[in-house]
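Protein sequences appear in the order of chains A and B.
Mapped onto my numbering, the consecutive letters of the first sequence carry residue numbers 1 to 496.
Mapped onto my numbering, the consecutive letters of the second sequence carry residue numbers 1 to 554.
Everything labelled a hint here was simulated from the structure, so no lab data went into it.
Remember, predicted model here, so these are calculated numbers, not experimental data.
A few of these clues could be false.
In silico DSSO-like pairs for lysine-lysine, Cα to Cα no more than 30 Å straight-line [unchecked claim]:
id, chain 1, residue 1, chain 2, residue 2
1, B, Lys296, A, Lys462
2, A, Lys490, B, Lys212
3, B, Lys410, B, Lys358
4, A, Lys279, A, Lys252
5, A, Lys462, A, Lys409
6, B, Lys268, B, Lys396
7, B, Lys182, B, Lys55
8, B, Lys461, B, Lys410
9, B, Lys365, B, Lys410
10, A, Lys490, B, Lys268
11, B, Lys513, B, Lys458
12, B, Lys330, B, Lys268
13, B, Lys396, B, Lys365
14, A, Lys131, A, Lys490
15, A, Lys341, A, Lys323
16, B, Lys386, A, Lys161
17, B, Lys296, A, Lys490
18, B, Lys365, A, Lys197
Stretches of chain A that chain B covers, calculated by requiring three or more beta carbons in the stretch to come under 8 Å of a beta carbon on chain B [what the hints assert, rightly or not]:
id, stretch
19, 428–436
20, 483–490
Ideal placement from N, C-alpha and C gives every residue a C-beta, glycine not left out.
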Amino acid sequence: MANVQFGPHAVEGVWPLPQAFTSSPERYPVNSQDFYFVYGRQSAAQQGCSVLDTAFKRYFSLIFPDHNSGSPADRLSWTIYLVPFCVPDNLSISAGKASLNAETVWGAVRGLETFSQLVYQDDFGSYFVNKTEIDDFPRFQFRGILLDTSRHFLPVQAILKTLDAMAYSKFNVFHWHIVDDPSFPYQSSTFPDLSSKGAFHPMTHIYTQSDVRRVISYARLWGIRVLPEFDSPGHTTSWGKGQPGLLTPCYKGGTPSGTFGPVNPALPSTYRFMARLFKEVSSVFPDSYVHLGGDEVDFHCWRSNPDVRVFMQKMGFGGDFTKLEAFYIENIVNITSALNKTSIVWQDVFDYHERVMVEVWRAGCYLCEVRRVVKAGLRVILASPWYLDQPGPTHNWARYYTVWPLAFKGSEEQKKLVIGGEVCMWGEYVDATNLTPRLWPRASAVAERLWSDEKQTSSVDKAFPRLQDFRCKLLRRGIQAEPLYVGHCKHEYQGI
Amino acid sequence: MITTVRWTVLLLALGFCRGLKHNYIDDYEVVEVEEDWDLVFQPSEHGSLWPLPQKVQISDVSFKLMSSSFRIVDAKQSSAGPSCSLLQDAYRRYYEYMFGSAKRQQLYKSRRTGPTELTELQVWITSPDSECDGYPSVTSVESYELSVDQPFAVLKAPTVWGALHGLETFSQLVYEDEYGTKSINSTQINDFPRFAHRGILLDTSRHFLPVKVILANLETMAMNKINVFHWHIVDDPSFPYLSRTFPQLSRQGAYHPYTHVYTPADVKMVIEWARLRGIRVIPEFDTPGHTQSWGKGQADLLTPCYSGAKPSGTFGPVNPILNTTYDFMKLFFGEISTVFPDAYVHLGGDEVDFTCWKSNPDIQKFMEQQGFGDDYSKLESFYIQKLLEIVTATKKGYMIWQEVFDNGVKLKSDTVVHVWIGGGSNDEMSRVTAAGYTTILSAPWYLDYISYAQDWQKYYKVEPLNFNGTEAQKKLVIGGEACLWGEYVDATNLTPRLWPRASAVAERLWSAKDVTDINDAFNRLSMHRCRIYILVIFFFTFYHNYVHCYAVNI
């Protein structure tokens, strides 16, 4: 009963739950006319810091959705002071003043999100915030969402909207599964044919360089990294349309069948192409990681091709095509390493490499796989339990919430190698018409698992009303988050 | 700022799909779907028509349509003239679907009409009574004949209801070529529905649906030739219907007494909006179960449950033993019969839980007096029969969920029994029709149940008459309804959950029995889906204009 003092408006109303907090029922009125964000005097960041200047503007309208811009009053009754020096990040609210201390601007953005969720309106429309102290930090450093823009094209607008919602749940990685078998929407400046021949449509269903830059800079302002994935050697059918000779010709009997398989690993031209493509990718995407895919490679076509078989013999691989796959990935990892990027691969190819980070995605005993990877000393991202393209109510939020990523036998050191997790929204049945309700608020359940302390957030029953409340906050912010169960929000979704 | 954002959204929506031209596949390699259902993208010989008309002949001869010169007009012989605002409204609506909002049109100087241009669609209502000012009903004639040819296209229909369907079909025949020119092929269509009752149930009690969302979905229902909106308006969780006679029902029983209610003006607007699209609105006021929200604003209506010898403070179904219950129902359904013009009202009657009735000593005593023994279904029948008498007195027909029939309640011969339990072919259909009752089928079409992948195929493959029975029995099946219950559905996910899945049901209920080619359906439905979402976005973008125009029209 210790939590009796917290109404839905107090700290427990914050999603994901902060690590350490005290809150009191004492509340202070907040007036949009007298409310200002101010940089602390000792703050290393000052006016002109684009991330925070933008965040102030965004959070002002998020905190005061009803605010109609009138002339600001003279007195400064409310001020948020930012002091980006202290560790860990903390937020302290007392009468007339709240202060937010964060080590970096990224912590400050998270703190502003927390603050915005603490402010609430009473029935008369007045804004209040309770006296509160919060110390907060994420449990895992990698909290991602994968969007698949190959199986269906997602308009840039839909991606930006998703980035907004990601920030509200404190996600910090946008894993952009940008190309795959069905289409190649990334417009490469080095190889423009890839999208002009491989996209669903060469003009309307592509991401131009400026689209990509826009997504990256928009994400940055929310403290979100953009991790691009160029999956190979499988999942590359669309690449072959604009880059003849890249894919392996499949054979039927003694002649080419006219169909193509994975990237052809036997040709030096393949690696020259990849080196140039990844050189471009590494300069377009500033993140120091790049996802190389490597999943679900089908060996049938390689096996059918006589040139590939000759190559196998020459390399001494015998009949073991996993060695050929390993050889290919090794070469690609060398290319990206030379570009100073760290590679992430799907679990299928981890066995052979030590310089990569591994993303575990297969169902079944995923923690067994996590354990295998950390035992090998590699870092892990967990995705298996969080495939959100599966629709509810069988795959409801509680199923995603009650996942315990570190519940395997291992040393502290090994557990530290699990750097986070990721929500995967594959695109077979998802496009802009249903993306948002399928993603939210179920992804928020994952967000709390990845951010908050597990002991404080192990109960589905306790989380349910908080998540319902948070879902209404998402609606209020224009995010089309679907309902968890029967009920209502004060402000319902009204359409686009 | 707001305007630009809206436009962006509209343009994005248009970007989802590759365009609605009939031959669009030629530009792309045929993509083999590597899944077990083995569907192949290839243009259907019937273009994007959905649901497929009964008889259709499309020739290779095509005509151009110019937004500046094309007009939809009344045929001289038509029994509906310029005073028929239903049709005039529809002409403008379909013109806008085909060419975009009038504001975007550039007016060109009148120019010579080329030999390959189609300039007019003449709409000819052939019956003396066009039914322009009436409401659609279960007996409405919905057939039409469409002839697209030089010098003008003719749409012939006995009533406005058929004409509305014909306009929809005409708009589906129009496509855009590579240069953005609108074209239509010379076509002959003779069309009529296989079933008279083609409905969608929306549940506004478990989650409140804003009026705007209901209107948008009526619009998409019309695109699918759905003609019944079954409005499951109240239920346990909330009572959003604002009753003039008993305003406290929504004041106490709605989620919020102002923001989460349907006012009389809202209800009127929904009904008129639906009428203009040939859609009936059948309200459902489900009793005696599913009534928790009624109890909040109407003291003594529900049965007090007992725990041991004392009331537990909780309430069960409607209390069937009090005269006040029936006084209330008389007044309440009297109001409903005037508010909703349709000849039918749905009375529910499903899932009555007897535990609370059993616990209540007054009810036990009443059971004894009536000689019901321990059979609480007799008590349920007692209640329902009294309710049916009340509703009959209001001159309405009624629909009920199958349990009422199962429990042996005496029903009027024209009662419509709504079958919802079981799969596609079930014995219940045989039993209900054998007893001589008109039936509608929903059991295989619960769209709130979702699964991964293309579950529309499952709904599509249902054959409603696939049960044991005579020809006469099968004639009693007047149609079906797709049900979208609201436990997990509100305005945020209703549209993608409903469309295009409900379209599968729509074609099953409209088109001929032998229209079962799943691959052809897939290709037409893919394009139909794009059309639906372009319309949905268009609707929300121009909603305020729409409502404004609408308000002016009435």
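Against the structure, the hints come out as follows:
About 28 Å separates the Cα atoms of B:Lys296 and A:Lys462, which keeps this hinted pair within 30 Å; it holds. Distance check on the hinted pair: A:Lys490 and B:Lys212 sit about 17 Å apart at the alpha-carbon level, within 30 Å; holds. Between B:Lys410 and B:Lys358 the CA atoms are separated by roughly 23 Å; this keeps the pair inside 30 Å, and the hint holds. A distance of roughly 36 Å separates the Cα atoms of A:Lys279 and A:Lys252; the hinted pair therefore is violated under the 30 Å criterion.
Note on A:Lys462 and A:Lys409: the hinted pairing holds, with a Cα-Cα distance of about 28 Å set against a maximum of 30 Å. Our distance criterion of 30 Å between C-alpha atoms is met by B:Lys268 and B:Lys396, whose separation comes to about 18 Å. Distance restraint check for B:Lys182 and B:Lys55: the Cα-Cα separation of roughly 24 Å lies within the 30 Å cut-off, and the hinted pair is therefore satisfied. At roughly 34 Å between alpha-carbon atoms, B:Lys461 and B:Lys410 are farther apart than 30 Å, so this suggested pair is violated.
A hinted pair counts as satisfied when its Cα atoms are at most 30 Å apart, and B:Lys365 with B:Lys410 qualifies at roughly 24 Å. With a CA separation close to 24 Å, the supplied pair A:Lys490 and B:Lys268 stays within the 30 Å bound. At roughly 16 Å between alpha-carbon atoms, B:Lys513 and B:Lys458 fall within 30 Å of each other, so this suggested pair holds. A C-alpha spacing of about 22 Å is found between B:Lys330 and B:Lys268, which places the hinted pair at or below 30 Å, so the restraint holds.
For the given pair, B:Lys396 sits about 33 Å from B:Lys365 by alpha-carbon distance, which is inconsistent with the 30 Å threshold. Using a Cα cut-off of 30 Å, the hinted pair A:Lys131 and A:Lys490 holds, with the two alpha carbons roughly 24 Å apart. For the given pair, A:Lys341 sits about 24 Å from A:Lys323 by alpha-carbon distance, which is consistent with the 30 Å threshold. Our distance criterion of 30 Å between C-alpha atoms is broken by B:Lys386 and A:Lys161, whose separation comes to about 54 Å.
For the suggested pair B:Lys296 and A:Lys490, the alpha carbons sit about 20 Å apart, so the restraint of at most 30 Å is met. Using a Cα cut-off of 30 Å, the hinted pair B:Lys365 and A:Lys197 is violated, with the two alpha carbons roughly 80 Å apart. Counting residues of the stretch 428–436 of chain A whose C-beta sits closer than 8 Å to any C-beta of chain B gives 7, which meets the bar of three, so the coverage hint holds. With 7 residues bearing a CB less than 8 Å from a CB of chain B, the stretch 483–490 of chain A meets the requirement of three and the coverage assertion stands.
Checked against the numbered hints listed earlier, the structure breaks hints 4, 8, 13, 16 and 18; every other hint is satisfied.
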